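Trainee: Using the hints provided, position chain B relative to the given structure of chain A.
Protein chains: 2
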Amino acid sequence: MPTNNDIKLIKSLSQKKYRQLERLFVVEGEKSVLEVLEHPKAFSIFLLWCTENFAQKYENLLPTSYEIVSSKLLERVGSFQSNDSAVVVLDIPQDVNCNNTSNFCLFLDRINDPGNLGTLIRLADWYGVDNIFCSEDTVDFYNPKVISATKGSFLRIQPQYGDITAFVKSFEGQVLGAYLEGENIHQLESLKTPLGIVIGNEAAGISPELTALIERKISIPTFGNAESLNAATAAAVILDNCRRLMS
Amino acid sequence: MPTNNDIKLIKSLSQKKYRQLERLFVVEGEKSVLEVLEHPKAFSIFLLWCTENFAQKYENLLPTSYEIVSSKLLERVGSFQSNDSAVVVLDIPQDVNCNNTSNFCLFLDRINDPGNLGTLIRLADWYGVDNIFCSEDTVDFYNPKVISATKGSFLRIQPQYGDITAFVKSFEGQVLGAYLEGENIHQLESLKTPLGIVIGNEAAGISPELTALIERKISIPTFGNAESLNAATAAAVILDNCRRLMS
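First to last, the sequence lines map onto chains A and B. Just so we're aligned, residue 1 is where the first sequence starts under the numbering used here, counting upward by one. Just so we're aligned, residue 1 is where the second sequence starts under the numbering used here, counting upward by one.
What the hints contain is simulated information worked out from the structure, not anything from laboratory work. One thing to keep in mind: the hints can contain errors.
Which copy is meant is left open, because identical chains are indistinguishable; a pair holds if it fits in one copy or across any two.
What the hints assert, rightly or not - In the DSS-like style, the derived pairs of lysine-lysine whose C-alpha atoms are separated by at most 30 Å in a straight line are: (1) 11 / 217; (2) 192 / 31; (3) 31 / 217; (4) 192 / 8; (5) 217 / 16; (6) 16 / 145; (7) 145 / 31; (8) 169 / 192.
None of the values given here were measured: they were computed from a predicted structure.
Okay, chain A solo, but in the shape it has when bound (with noise of 0.2 Å):
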């Protein structure tokens, strides 16, 4: 039986300084949920909830241990308005090293909106990328709404917080950053490995500091009227640019 204390532990959970403090994360949807039973490796789970209806179509991927819940206590503990299907709580891994040698790699400076944040990781699984590290005050990746905008990319990679101005500079290879007036990206020649790309506050763009520790300024031509592209879109274009130009 679910007690109060288990739903007051999930709830709390949507605030970042109790998943700090329990260590602890919520996927949510039937979709999320499903991938994190299909890849079993990935995170620990904790506590399992699900309705009687996907307990029996997922019936041979369920942890020895869960509950059957109904759907309006899904979304009594969760955030999404509806959810039919499950809850799961994850164990948050011992903090994430990523090494300086990656050959493609993301540096994401104060990214602030989780939407953002989940799309950018999203995008990092597809075009490859081996590592990312965040800023500090960038949102955090166990954050429900980043969690969901990475649909399932969360169980593949996940990003290194810390000193980014330290970061970037012990990167062994060649830094890129997106600016509104940089060499036009699609002139670049090759690209050489290892590659690092910056990408900056999506208002305030690239900070001073680690502007001064970019080796080029690339920018996406603009062919119309609009003032600018927002972050995870120029993002996805300049990754696909920079795949295309890997040798």
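Mentor: Positioned in the frame of chain A, the structure of chain B alone reads:
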């Protein structure tokens, strides 16, 4: 003085049926309302409500008639959680009629998510797309979430809604569509204009009827493990590659 009828009217415009009945739509927030005032020829203003602060800041851009209201009232009538600047109600113009001789054209097949449609319009504005055609069942352009996601591009690009199969049939140029298995877009040679690109529904992709009309199936190469990209992100990568290859 704002009347109760005005309050009711503005609130009703969050629903498509009332927007169509009244031929009016709502634009909210400092940046978007400011863009409207800076482009007075794009849409006729039916009503403008703003805070004292907004009125002082942009005094020289205000129309002859407007109302000073509290931010509380702006939040009550609009869809933003916080709005301490302005709400403007604009006339919906006569149906847009694009010509079928445009040089670079986007066909949107049942785009459901307002954020995606808004981002697609912003992208079209960045990449200089001449015309956007939407299937009848694509989310309404005048939905406040669409308008907000365009980041001002709604002032420059308005899509035409209608029978998308007929649109594509009458288009006098090459039509490309994105699929999971198609020609690798990085390996395409130059592309001839006029060029049209079909973007399919977020879950179901491009319909079989439209697929029959598509000359070339293209795809975005993957280098990792993610199963798919978001519709707007994929469109960004495709538009970027097309612009790079257009002769």
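Trainee: List in ascending order the numbers of the hints, as given earlier, that are violated by the structure.
Mentor: Violated: hints 1, 2, 4, 5.
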